[in-house]
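Chain by chain, the residues run as shown.
Number of protein chains: 2
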Amino acid sequence: MGESLNGLKRSIMCGECREEHIGQKLTVMGWVQRKRNLGGLVFVDLRDREGILQVVFGDEINEEAFKKADLVKSEYVIAIEGELVMRQSPNKGIPTGMVELKGESIRILSESQTPPIYIKENLDAAENIRLKYRYLDLRRPDMQEKLVIRHKAAKVIRDFLDENKFLEMETPMLTKSTPEGARDYLVPSRNYPGKFYALPQSPQIFKQLLMVSGFDRYFQIVKCFRDEDLRANRQPEFTQVDIEMSFVDMEDVLEVNERLIQRLFKEVKGIDVQLPIKRMPYDEAMAKYGSDKPDLRFGMEINNISEVVKDCGFTVFKGAIEAGGSVRAIVAEGCSGMGRKKVDKLGEFVKTYRAKGLAWVALKEDGIKSPIAKFFSEEEMNNIIEASGAKTGDLILIVADKDEVVLQSLGALRLELAKQLELLKDNNEFNFVWITDFPQFEYNEEEDRYVAKHHPFTMPKKEDMHLLESDPAKVRAEAYDIVLNGEELGGGSIRIHESDVQEKMFGALGFTKESAWERFGFLLEAFQYGPPPHGGIAYGLDRIVMFLSGTENIKDVIAFPKNQNAACPMSEAPNVVDEKQLRELGIEITAKEDK
Amino acid sequence: MGESLNGLKRSIMCGECREEHIGQKLTVMGWVQRKRNLGGLVFVDLRDREGILQVVFGDEINEEAFKKADLVKSEYVIAIEGELVMRQSPNKGIPTGMVELKGESIRILSESQTPPIYIKENLDAAENIRLKYRYLDLRRPDMQEKLVIRHKAAKVIRDFLDENKFLEMETPMLTKSTPEGARDYLVPSRNYPGKFYALPQSPQIFKQLLMVSGFDRYFQIVKCFRDEDLRANRQPEFTQVDIEMSFVDMEDVLEVNERLIQRLFKEVKGIDVQLPIKRMPYDEAMAKYGSDKPDLRFGMEINNISEVVKDCGFTVFKGAIEAGGSVRAIVAEGCSGMGRKKVDKLGEFVKTYRAKGLAWVALKEDGIKSPIAKFFSEEEMNNIIEASGAKTGDLILIVADKDEVVLQSLGALRLELAKQLELLKDNNEFNFVWITDFPQFEYNEEEDRYVAKHHPFTMPKKEDMHLLESDPAKVRAEAYDIVLNGEELGGGSIRIHESDVQEKMFGALGFTKESAWERFGFLLEAFQYGPPPHGGIAYGLDRIVMFLSGTENIKDVIAFPKNQNAACPMSEAPNVVDEKQLRELGIEITAKEDK
Chain A
1 MGESLNGLKR SIMCGECREE HIGQKLTVMG WVQRKRNLGG LVFVDLRDRE
51 GILQVVFGDE INEEAFKKAD LVKSEYVIAI EGELVMRQSP NKGIPTGMVE
101 LKGESIRILS ESQTPPIYIK ENLDAAENIR LKYRYLDLRR PDMQEKLVIR
151 HKAAKVIRDF LDENKFLEME TPMLTKSTPE GARDYLVPSR NYPGKFYALP
201 QSPQIFKQLL MVSGFDRYFQ IVKCFRDEDL RANRQPEFTQ VDIEMSFVDM
251 EDVLEVNERL IQRLFKEVKG IDVQLPIKRM PYDEAMAKYG SDKPDLRFGM
301 EINNISEVVK DCGFTVFKGA IEAGGSVRAI VAEGCSGMGR KKVDKLGEFV
351 KTYRAKGLAW VALKEDGIKS PIAKFFSEEE MNNIIEASGA KTGDLILIVA
401 DKDEVVLQSL GALRLELAKQ LELLKDNNEF NFVWITDFPQ FEYNEEEDRY
451 VAKHHPFTMP KKEDMHLLES DPAKVRAEAY DIVLNGEELG GGSIRIHESD
501 VQEKMFGALG FTKESAWERF GFLLEAFQYG PPPHGGIAYG LDRIVMFLSG
551 TENIKDVIAF PKNQNAACPM SEAPNVVDEK QLRELGIEIT AKEDK
Chain B
1 MGESLNGLKR SIMCGECREE HIGQKLTVMG WVQRKRNLGG LVFVDLRDRE
51 GILQVVFGDE INEEAFKKAD LVKSEYVIAI EGELVMRQSP NKGIPTGMVE
101 LKGESIRILS ESQTPPIYIK ENLDAAENIR LKYRYLDLRR PDMQEKLVIR
151 HKAAKVIRDF LDENKFLEME TPMLTKSTPE GARDYLVPSR NYPGKFYALP
201 QSPQIFKQLL MVSGFDRYFQ IVKCFRDEDL RANRQPEFTQ VDIEMSFVDM
251 EDVLEVNERL IQRLFKEVKG IDVQLPIKRM PYDEAMAKYG SDKPDLRFGM
301 EINNISEVVK DCGFTVFKGA IEAGGSVRAI VAEGCSGMGR KKVDKLGEFV
351 KTYRAKGLAW VALKEDGIKS PIAKFFSEEE MNNIIEASGA KTGDLILIVA
401 DKDEVVLQSL GALRLELAKQ LELLKDNNEF NFVWITDFPQ FEYNEEEDRY
451 VAKHHPFTMP KKEDMHLLES DPAKVRAEAY DIVLNGEELG GGSIRIHESD
501 VQEKMFGALG FTKESAWERF GFLLEAFQYG PPPHGGIAYG LDRIVMFLSG
551 TENIKDVIAF PKNQNAACPM SEAPNVVDEK QLRELGIEIT AKEDK
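These protein sequences, in sequence, are chains A and B.
Going by my numbering, the first residue of the first sequence is number 1, and it counts up by one from there.
Going by my numbering, the first residue of the second sequence is number 1, and it counts up by one from there.
Heads up, a few of these hints could be off.
Since copy identity is lost for identical chains, a pair holds within one copy or between any two.
As the list claims (entries may be wrong) - Here are the simulated DSS-like cross-link-like pairs (lysine-lysine), alpha carbons at most 27 Å apart as the crow flies:
#  : residue 1 : residue 2
1  : K223      : K580
2  : K269      : K155
3  : K345      : K92
4  : K155      : K165
5  : K223      : K165
6  : K35       : K369
7  : K25       : K73
8  : K453      : K580
9  : K513      : K73
10 : K9        : K278
11 : K165      : K152
12 : K580      : K513
13 : K165      : K269
14 : K165      : K266
15 : K165      : K9
16 : K504      : K73
17 : K165      : K120
18 : K35       : K102
19 : K223      : K152
20 : K165      : K25
21 : K25       : K92
Derived from the structure by calculation, the hints contain no laboratory data.
Please put together the full structure from these sequences, using the hints given.
Right under this line is the structure:
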């Protein structure tokens, strides 16, 4: 049931009513946040996208409206005409709190059943229920705000890139399955039974082709797809801000992107990002923070103490170094008094990162306490303390193993300790850093070959070019990531535009000319016809909006997200389809759902 | 092979060089459009996105550069440093024609094989070759211009809608198969073997849910998908400008959209669209133009002459009227002398629209000529002439049949004649019209039931509401299309927000409550919780850009389009995939490609 507007026009949004409108006849429309009948008056809090306005109905204002207003319930949609007046008892907690509307007539546009979730800020309801009734969840002002921020962010990005002569260009959604990537979502073709399109994991190849075409500066805000098992903050479809430029080197790409980031955080969040954004080579990030996306809002850097323990009597340390590994430490400031149980838990924690154990040295006021103290002379122990950079009151935490294990486990331990010690509580810093000089390759043990760390079209650094064939592991790439507070916001590279470099690159990846063409044929073909020097970057928009709106849940910044099983409890996608549809596509179901 | 930039920076685009830059040292980069060696000088036309610049190399300018410049070929990518000077022999045909660059150094950034298609305006190459080498086809300045227009159009639309408080919101690409629509593209689910996502045909349901959520004003420029057999100017993936508003009626939607259209055509094309845009009810459009997307740039309206022939002796006319049909005519001005062969061909033409034949009356200076003259008295013939609105020198063309056949065939004949008679030659008019008052239903003979002409959530007109159950065929809808020069640019409607109206609507469509819920469950569920009055529109962006860029080929406004078989000759999508991928999805191929 419901009345219709019948030509009635809204004159103002609820949340926009202010003292300057007092005395005006206004028409507002929205949802009933709550209704109270108090002392012969009906008070309705009316909600729209802009906020909440109090409307008061009374016998003396309009008897008919008063009676009808008393019938409304939460989430009814109503339209009210009346005069805006000074509010009797002002509410300074809301922007409209100085005024109220005297309800002279009311129209009930639609009714509502009792909603299964409360429409209020910071709701603590089960995620499944929130997703099933997403349209109600999205009525919550804090949820709406996040999507308003998303709109603004996309708008600022587009404005900036347009001003800087980037053209937004659409690339295909129905494309070819990508080699060397994550798992593709496939789309069966009806015209070519037995063949499939793939949904794009990124427009990488297409944006490079657009550079070959001479479009010079391209961008796109675009959906991308990966059919991977979902971890927290991963969604099967996600939105990428994709950028590519011609006739540039890394400095050019970084420069324009720094201005983009500055503009974005200023306009949407009011934050001044200081330029230039600092840079850190990959090797330094790994050595100091055990991560290629270091959180620089706090110190607790990793220190290599191998040099001072390499000749010690403690076989665990000595053995690790002799096997080509290292011994490294982080210092938990003021934690010398940490209880044994807690320290043991940290030991368990590093084991999940393949460390065999965690050695510790507590520098208490009354002397050193450490289970490994007995293996060291006083001088050796002093050297360890000095090399770790610890002082009285601190706790030194040490891992000895292969470099990879040491760095990864101490990097994770560093973040874990920051959480436990609440080092980032009330920290409002936005700490950006470019990570540069990534390795060109990483060794894939399963396939027993080098694979591209970024992708096979990434330009090696000029000074490492001579190592492409002789020592691929040492080759660094013209690749860069932008990291904010320990999260990767985006990454990119300068691409190879010289065919001889590209051939060497494929050689290092173990491809023959034929197998390279089989995989990347149309891009390689295009590169025979004058590719310009080019490079670019891609950002995760969802991730950016999470920062801008202050949420740690990716689902909060997506209007209709999927759950952890890549399903939508609201629409019930994915779902069964008709036999006829499958017949037309020339496919058949061989395995039924067993979940 | 190729040199690298090595820090060299472009200082200006080729196409931007003007007399004001004379005397400056400039660095330009781009593609060699052509190279000539004339009288001891090498002339290179260098091309980038902004245009072409002449560069001259000579022994006396720089010998090394001169020699190297002589090595370059078409489509090589080069960088040149030099001084901009006044051009010896100005070329007023291009914007940079007053200047030229004295090439003091040259770097060959990459070489090019001889391209398989010419890089020049208005190329007349086979479409398949153009699509296979799309990256080269897109180097042509006229192709680039169209995609620049596309970028601008999307930007203007976004700016306007943002200013008018619309929020751009993304809706899912992986969603549920739609009932009652075209054929869906399906995406097999790995997490739920045997189940499928569908790619959206439009975000219709999601945008309505966003209105239920209270977002008030939504838009999105978004890819949509239909797996239909492709006709000219159809693509399997197309881009929609999707808009929805709350607390509005039709006038509100039309008003804001007229301003959007005005702004778009003004900013991108420099055309003043006069507001308000005229409106025409569906019935009038059909009666006068035999089409719900009439081209109003010329007259040649259809006239109903049933009244004056209903009692005549010509059984074809009389019979058609007695069977409930009609006799209608169009007048080809000044065509009384059209040859018999040509007229016969028009007769063949209307037969493809199921007309049984085409009667004609030629009003020659020396009297009437018509094969059907013998069936009519002089008075009857004069009545026909008068009812048709013909004058001496004209040719009357008449079809008698069921209304539907008469209108459709005469509507098509009208357009065909306009083409043959070149009525629109040199016509630069942009003739917009809103078609309103669409029928709510159309009868589907195959299913023997009424189906929604727009969609099942379209609001019937208030004054026709009482006919929903008794006479659905007569019910008109609050639906509207925007038509430009005979092409539909977009369409929309006010949606039903009252549950009782929605129930009657489903009744008229032959759904039980259960079957309606099965198909539209989550939208109906959402509507139980206070839906606001709302309505919207969706435009085809590709179609709009075709108008803005003056092309009749949809492929020209899409960077990487598919061919008529929904395939991409460049990427070779769709393609075969690994057995392993199919196994993971729990599907198997049953029919192999037989094309």
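Here is how each hint holds up against the structure:
For the homomeric pair K223 and K580, the shortest alpha-carbon distance between copies (25 Å) is at most 27 Å, but the shortest distance inside one copy (29 Å) is not. In this assembly of identical chains, the alpha carbons of K269 and K155 lie at most 27 Å apart whether taken from the same copy (14 Å) or from different copies (23 Å). Taking identical chains as interchangeable, the C-alpha atoms of K345 and K92 are never at most 27 Å apart, the minima being 48 Å within one chain and 79 Å between chains. In this homomeric assembly, K155 and K165 come within 27 Å of each other (Cα to Cα) both inside a single copy, at 15 Å, and across copies, at 12 Å.
Taking the shortest alpha-carbon separations for K223 and K165, both the intra-copy value of 22 Å and the inter-copy value of 24 Å come in at or below 27 Å. Taking the closest pair of Cα atoms, K35 and K369 never come within 27 Å of each other, the shortest separation being 65 Å inside a single copy and 80 Å across copies. In this homomeric assembly, K25 and K73 come within 27 Å of each other (Cα to Cα) only inside a single copy, at 25 Å, whereas the closest approach across copies is 74 Å. Taking the closest pair of Cα atoms, K453 and K580 come within 27 Å of each other only across two copies (24 Å); inside a single copy the shortest separation is 44 Å, beyond that limit.
For a Cα distance limit of 27 Å, the shortest separation of K513 from K73 across copies, 26 Å, qualifies, whereas the shortest one inside one copy, 71 Å, does not. Within a single copy, K9 and K278 get their C-alpha atoms only as close as 53 Å, which misses the 27 Å cut-off; across copies the closest is 23 Å, which meets it. In the homo-oligomer, the alpha carbons of K165 and K152 lie at most 27 Å apart both inside one protomer (20 Å) and across protomers (11 Å), since each shortest distance falls under that limit. In this homomeric assembly, K580 and K513 come within 27 Å of each other (Cα to Cα) only across copies, at 25 Å, whereas the closest approach inside a single copy is 43 Å.
In the homo-oligomer, the alpha carbons of K165 and K269 lie at most 27 Å apart both inside one protomer (24 Å) and across protomers (19 Å), since each shortest distance falls under that limit. Both within a single protomer and between protomers do K165 and K266 lie at most 27 Å apart by alpha-carbon distance, with minima of 21 Å and 21 Å respectively. Taking the shortest alpha-carbon separations for K165 and K9, only the inter-copy value of 17 Å comes in at or below 27 Å, while the best intra-copy value is 41 Å. Taking CA atoms no more than 27 Å apart as the test, K504 paired with K73 passes between copies only; the shortest distance there is 25 Å, against 71 Å inside one copy.
In this assembly of identical chains, the alpha carbons of K165 and K120 lie at most 27 Å apart only when taken from different copies (23 Å versus 43 Å within one copy). For the homomeric pair K35 and K102, the shortest alpha-carbon distance inside one copy (14 Å) is at most 27 Å, but the shortest distance between copies (79 Å) is not. In the homo-oligomer, the alpha carbons of K223 and K152 lie at most 27 Å apart both inside one protomer (18 Å) and across protomers (21 Å), since each shortest distance falls under that limit. In this homomeric assembly, K165 and K25 come within 27 Å of each other (Cα to Cα) only across copies, at 23 Å, whereas the closest approach inside a single copy is 47 Å.
For the homomeric pair K25 and K92, the shortest alpha-carbon distance inside one copy (23 Å) is at most 27 Å, but the shortest distance between copies (63 Å) is not.
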